[in-house]
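Enquirer: Given the coordinates of chain Z, work out where chain E with the ligands should sit on it, guided by the hints.
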Amino acid sequence: MDYAVEIDDLFFHHKDGTQALKGINLRIMRGRRTVILGPNGAGKSTLLLHLNGIYLPQRGRVKVLGIEVNHKNEKKLRKIAGLVFQDPDDQVFCPTVWEDVAFGPLNYNLPEEEVRKRVDEALRAVRLEGLEQKTPFHLSYGQKKRVAIAGVLALKPEIFILDEPHAFLDPSGKAELLKILNSLNDQGSSIIVATHDVNFAYEWAEDVVIMKNGIVLAQGGPDILADEKVIIEAELEYPLLVRLFKKLPEAECDKIPGSVDEAAEFLRQKMSTN
Amino acid sequence: MRLSKHNDVFQAADGRVKLISTCIFVALVTMIYSWYNLVAVLFIYTIELLAMNFPIYRHLKRLMIPVFLVGIMSALMGLAAMSSGRGMEKGIIIFLRASCAVYAINAAVSSMTLPEVLYSMKVLRVPDILVNLVGFTMRYADVLSKETARMMTARKSKGYSPGKNLWHFATMKVIGQTIGVLFLRSYERSERIYFSMLSRGYTGGTMPLRETSRIRTADLVTGILIVLAPAVFKVAEMGGISWITLLK
Ligand SMILES: Nc1ncnc2c1ncn2[C@@H]1O[C@H](COP(=O)(O)OP(=O)(O)OP(=O)(O)O)[C@@H](O)[C@H]1O
Ligand SMILES: [Mg+2]
Chain Z
1 MDYAVEIDDL FFHHKDGTQA LKGINLRIMR GRRTVILGPN GAGKSTLLLH LNGIYLPQRG
61 RVKVLGIEVN HKNEKKLRKI AGLVFQDPDD QVFCPTVWED VAFGPLNYNL PEEEVRKRVD
121 EALRAVRLEG LEQKTPFHLS YGQKKRVAIA GVLALKPEIF ILDEPHAFLD PSGKAELLKI
181 LNSLNDQGSS IIVATHDVNF AYEWAEDVVI MKNGIVLAQG GPDILADEKV IIEAELEYPL
241 LVRLFKKLPE AECDKIPGSV DEAAEFLRQK MSTN
Chain E
1 MRLSKHNDVF QAADGRVKLI STCIFVALVT MIYSWYNLVA VLFIYTIELL AMNFPIYRHL
61 KRLMIPVFLV GIMSALMGLA AMSSGRGMEK GIIIFLRASC AVYAINAAVS SMTLPEVLYS
121 MKVLRVPDIL VNLVGFTMRY ADVLSKETAR MMTARKSKGY SPGKNLWHFA TMKVIGQTIG
181 VLFLRSYERS ERIYFSMLSR GYTGGTMPLR ETSRIRTADL VTGILIVLAP AVFKVAEMGG
241 ISWITLLK
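Protein chains in written order, with my numbering: chain Z, 1 to 274; chain E, 1 to 248.
Just chain Z, with the same shape it has in the complex:
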């Protein structure tokens, strides 16, 4: 099997003793769109920081594209796995937007032309053209988030990892991000997103991982989000589509549609047959 991520029995506690991961077992397929869902404090961010070797496993093991996460491989891993942090204030620190986006490519000693090209492309993708010379600290939160995303886009990582990418983006920002992620995915990148947004997970993901209290509660296709037991145990809520169709047993649908388009198609057919 071709895995992007393989995790076996991973434990991790923070410096203050908080046991954040308590035996994670997880396989994430290569080239897929995976969403990690879980309530606050589930350990999502802590887990993601293992995927590029910022945190090293205290017990158990993690492999990314077959490469073991350990001190020796850190640098290799950081090139493979690009991570957008939850809080853009943690990630955006250069005096200008341009410099911030260029920070990563410059660290890899790419030729100057290539750096400029990548920065321009990344800024265009997140629609921040024209703000190159602005100080990021004076941007709005959502704009900072876009700078953070651009900073990782410019690295062109093979695995693209985003921690809570939707927070603070406006609706068009979310739609654009979706487009970016889909096009990266179409080009073969694996995408891993941690979020609480069940609707996004339900409609966008190919694989869903549900975490709580430092363990993986469930993993499967988006349809596991229609499973009452899973939802209650994970302290999540049903996606809107699931809620709607659970309220409409008379629609007699065996499998709840996976997207608004599918739902519309399904209802249209129902209405025309009646």
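Hints were generated in silico from the structure; no laboratory data involved.
Even for Gly, the Cβ is constructed at its ideal location relative to N, Cα and C.
Some clues are possibly wrong.
[Said to hold, decoys possible] Computed from the model, here is a short list of chain Z residues facing chain E with C-beta under 7 Å:
| # | residue |
| --- | --- |
| 1 | 54 |
| 2 | 57 |
| 3 | 83 |
| 4 | 85 |
| 5 | 90 |
| 6 | 91 |
| 7 | 103 |
| 8 | 104 |
Expert: Below, chain E with the ligands alone, put in the same frame as chain Z:
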């Protein structure tokens, strides 16, 4: 980091030149022995900065705390030298030398962006470890001030208003707590910023590329201007020339 953008000759000058001349400035100043020469250096350097369009007022505001600290240190050293009977004079000279140094360093550093400072240090072959240390200290100071602002806003929005004076017990308590939490929060944020730098391939060694610009005449003139005042007074001192006697 930068104070202003427009038309500031001092700011526009090459970082390497500014750093080197400032180091020479500091070295010379520590070798000047009379208080009036030190005062004259301060005075002349200020005039030079003004002539170069440097926003001196904001610069002075930022100097308050460091100069205050330097004052305390010099007073202590003066006290220690009290037994020799010249404690007062010693203290004042130490204070003036340190103030000159802080003044020049702050002017140079605040006229550059952080990457410029780091880059200049790097091309001047300052060891990596020192460059990184300076980088992190400056970034940390930045984080610290931003966290303070955030926490003050948070407290205000929860209805806190500081008491009239420092002896007001509740105010003292809040200030104490703020400082404690501030250091913790800043520490944690700096750590996360560091993580995010690592995530984007930072290894401590590589430094953002920028065109290695040629040093222009204007840069050299600025450099000479910086070292001019302390050099002149040091030479005068060595030659036994004293302008203050002219005033008497
Ligand atoms: N730097 C840290 N020091 C100490 N404890 C931490 C630290 N970071 C996280 N924790 C703790 O580890 C646990 C998992 O945190 P984590 O940030 O991974 O959760 P999360 O799933 O990302 O939550 P959220 O949805 O709120 O982002 C929590 O109990 C949290 O309090
Ligand atoms: Mg998190």
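Enquirer: Hint by hint, note whether the structure agrees.
Expert: Evaluated hints:
For residue 54 of chain Z, the interface hint holds, since its Cβ comes within 7 Å of a Cβ in chain E; the closest pair sits about 5 Å apart. The restraint placing residue 57 of chain Z at the interface with chain E is violated, with a minimum CB-CB distance near 16 Å, outside the 7 Å limit. Hint on residue 83 of chain Z holds. Least Cβ distance to chain E is approximately 5 Å, under the 7 Å limit. The interface hint given for residue 85 of chain Z is met, as the beta carbon of that residue sits about 5 Å from the closest beta carbon of chain E, less than 7 Å.
Proximity of residue 90 of chain Z to chain E holds as hinted, the smallest CB-CB distance being about 4 Å (cut-off 7 Å). Interface hint status for residue 91 of chain Z: upheld, as the beta-carbon distance to the closest one in chain E is roughly 4 Å, under 7 Å. Interface restraint check: residue 103 of chain Z against chain E, minimum CB-CB distance 6 Å, threshold 7 Å, status holds. Because the beta carbon of residue 104 of chain Z sits about 4 Å from the nearest beta carbon in chain E, less than 7 Å, this interface hint is met.
Violated hint for the displayed structure: number 2, the only one.
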